[in-house]
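Chain by chain, the residues:
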Amino acid sequence: MEYFIQQLINGLTLGAIYGLIAIGYTMVYGIIRMINFAHGEIYMLGAFISLIAFLVATTLGGASVAFGLLIALVSTMILTALWGWAVERLAYRPLRNAPKLAPLISAIGMSIVLQNFSQLSQGARVKPLPPLFKGGIELMHGNGFSVNLSYLQMVIMALTVVLMAVFTWVITRTSLGRAQRATEQDMKMAALLGVNTDRIISATFIMGATLAAVAGLMVTLYYGVIDFYIGFLAGIKAFTAAVLGGIGSLPGAMLGGLLIGLIEAFWSGYFSIEYKDVAVFAILVLVLLFRPTGLLGRPEVEKI
Amino acid sequence: MAGVNMTAALRDGVIGAVVAAALALPMLGFRLVDSSQALTLSTRFDWVAWAALAVGLGRFALALLRDTLPGRLPALPDWGARFPKMRLYVGWGMAGFAFVLPFLPIADRALVDKATMVLIYVMLGWGLNIVVGLAGLLDLGFVAFYAVGAYSYALLATKLDLSFWVSLPLAGVFAAGFGIMLGFPVLRLRGDYLAIVTLGFGEIIRVILQNWQDFTNGPAGIGAIPRPSLFGLVFTANAPEGKTTFADYFGLDFSGNHRVIFLYFIILVLALLTNLFTLRIRRLPIGRAWEALREDEIACRSLGLNPTTIKLSAFATGAMFAGFAGSFFATRQGFISPESFTFIESAVILAIVVLGGMGSQIGVVLAALLLVGLPEWFRELQQYRMLAFGGAMVLIMLWKPSGLLAHRSPTIRLNQEAG
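Just so you know, the sequences run in chain order A and B.
By the numbering used here, the letter at position 63 of the first sequence is numbered 63, and the numbering carries on one by one without gaps.
By the numbering used here, the letter at position 321 of the second sequence is numbered 321, and the numbering carries on one by one without gaps.
These are computed hints drawn from the structure, not numbers from a lab.
As the structure is a prediction and not an experimental result, all values here were calculated from the model.
All residues carry an ideal CB built from backbone N, CA and C; glycine is no exception.
These stretches of chain B come out as covered by chain A in the derived footprint (C-beta under 8 Å, 3 or more residues):
no., stretch
1, 19–25
2, 193–203
3, 353–362
Put together the whole structure using the sequences plus the hints.
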C-alpha cells in the first residue's frame, strides 16, 4: 500500500510535466491540424535556458535560490516563447496552404536542427545540477517503507494546477481565447470576421512554448540532469498523451499526461523499467481501438 | 531600383537582428561548463553579436530582393508535365548509369560504398512510397520493418546457418507479417492517429531489440553476420572448406573491391525490383484501389471496396520491401544493433518520399541523392552534418512544398479521342 501511494505521487508528478508539454501539441493540432514535431525540442530548449538563466541569476544576484528560480522561471518563459514563435514564423507559416505533409517534414527538419544546435552550442555531455530543494514531508510510514512527498513535487503539482487555471481562464474568458476557439473551429470564417488568424496562430505557439518552458524548468529541477536529447522521448510521450486524451482537447491533454505518467510510474514500479515505454504505447493502441478519437475527443464528422 | 523601400528594409533588418540576438543570448551567449566541482558558465557574447549581425543583414538583403524582384523566386519548371516521355528516358538513363557506375574510372571503393548506401535509402523510399504515396497512409515507424528484416537475416544466419539467399525472402515474409500484425488494430484509425501509433510501434520494436538480451543480444548487437555468395562463390581471399572463391573461379586476382561491387549490384537489382513492382502494381486492381482509397475513402467504401484489406495489403507490401532492404543492410554491415533503427531513420525515409514529391519514383531517387548522398560527401564536417541535414529538409520544403517532382500523372486517363 505504501509503495502504491509512493508510485502514485511519482506518477502524478511525471504526469503533470507530460501534461504541460502535451497542451502545446494539442493546441497547435487543434488550430492548424499539424503535428508540431519540434515541440519536444522547444521543451528541451526550455530546460537548457532555465538552467542557464538560473546559473546567471545566482552568480549575479547573490545566493538566494528562491530568487534565482523566480528569475529563471520568468526569463525561461519569455525566451522559450520567443523560440517557439521564431520556429513557427520561419518553418511553418510559409507552409500554411501547402500540402498536408509539408509542414510535418518541415517540423521534423526543425526538430533535427534544434537538437543539433543545442548539441553543438552546449556540448553533448549530460548537464548535472545538484538538487536545490531538499527534504519533504513523510506522509505515511509502514512495513519498513515510508511514503515521501518532497517539496519539489509539491511545487511542481501546485505550479501545474496554477498554470492550468490561468490557461483555462485565458481560453474560456478572454478575447484572445475566444479568437483562438473561433480560429480552431473555422479559420476562414474567423478571418472573414476580422480575426487576425496569423497572429492567433503565433499566440498559440507562444502559449504552448511557454508551458513547455515551465515543464523544462521542472524537469531540470526534478531529475537534475539534462542533455540535448531529452526533447525527443518527452515529445513523443507528450504527443501520445495528447492523442490519448483526444487531440484538440485541453483537459484531454492534461488527463492524457497524467495517465501516461501514472502508467510509467506503476509499470516501472511493479513490472520492469525497461519496458515502460512499450507499456505506454500498448495502452495508447488499446485506448484508440475502443475510442478512436481518444478519451475526451469529439468524434470527427465525415463530410462528403 | 525605384520601388525599393529603404526604411522598411532597414526596419526588417533591425528587427531581425534584435530577435536573433534575443534567441541566441541564452544558447550561444553562455556555455555550460561542467567542471569537477560544479556546473559553471562561460560567456561568448561575440557569437551572439555575429548571429545578430548575420540575421540582420540577411533580413535586410531579403527585403531589398523582395522589392527588386517581381513576384516570387523562380521555381523549377515542371519538366515532368512538359515532356511526358522524358520521365521514361530519364528513368532508363539513370538505371543504365547505375549499372555501369562501378566500372567507370571515377568509381573507387568509397564511391561504390556511398552509392550502395544511397541505393538502400532509394529502396526504402520506394517501399514507403507504396504506403504513403500510393495508399496515403502516414507511417512514421517504417524503420521497424527495416529492423525486423535486418534482425531476421542476422538471426537466421547466425543461429540457423541459413544463407543470405534463403533468408532474404523469409525476412521479407517476417516483415510483411509484422506489417499485418500492426495493421490489424490500427488501420481503423485515421490520419494523424495512425501516424502516432506507427511511431509508437517503431519505438516498441527498438526497445524490445534493446532489452531482449537472450534473443537479440541487446544493445551490443549482432556481429559476424555472414556475407552473401554468388551461386556458392564466396568473396574472401581464401576459400573455406568445400567452397570456391569468386576470384579463383574467374581467374582474377583477389580484390576486396569485388565484394563491394557485388553488394552494390545486389541492392541495385533489389531496388529496381521494388520500382518495377510499384510501377506494375499501380496498373493492377489492387494498386488502383490504393490510389482510390487515398483520394476518397468514403467513395471507395460506397463502391464496395473493403478499406481494411486494401490498407493491410499496402502496409504489408511496403513492410516486405523494408524487410528486404533490412536484410541487405545486415549483410552489408556485417554488424547490426538497435542503434541503427532509431526514429531518425524513419524520418529520413519519410523525408525522402515527401521531398521527392509523393508518389514520384524519380523524385525519390533525387531526394535520396540529396539527403543521403550529399551528407556522405561531407562526412569530414561530421558535427555539422545533421544540422545541415535538418536545415535542408526545412529549406526544400519551403522552396517546393509539394516536393521536387510534384507532378503526378493520373494512372488512368479518359480516352477523349475515342469519343
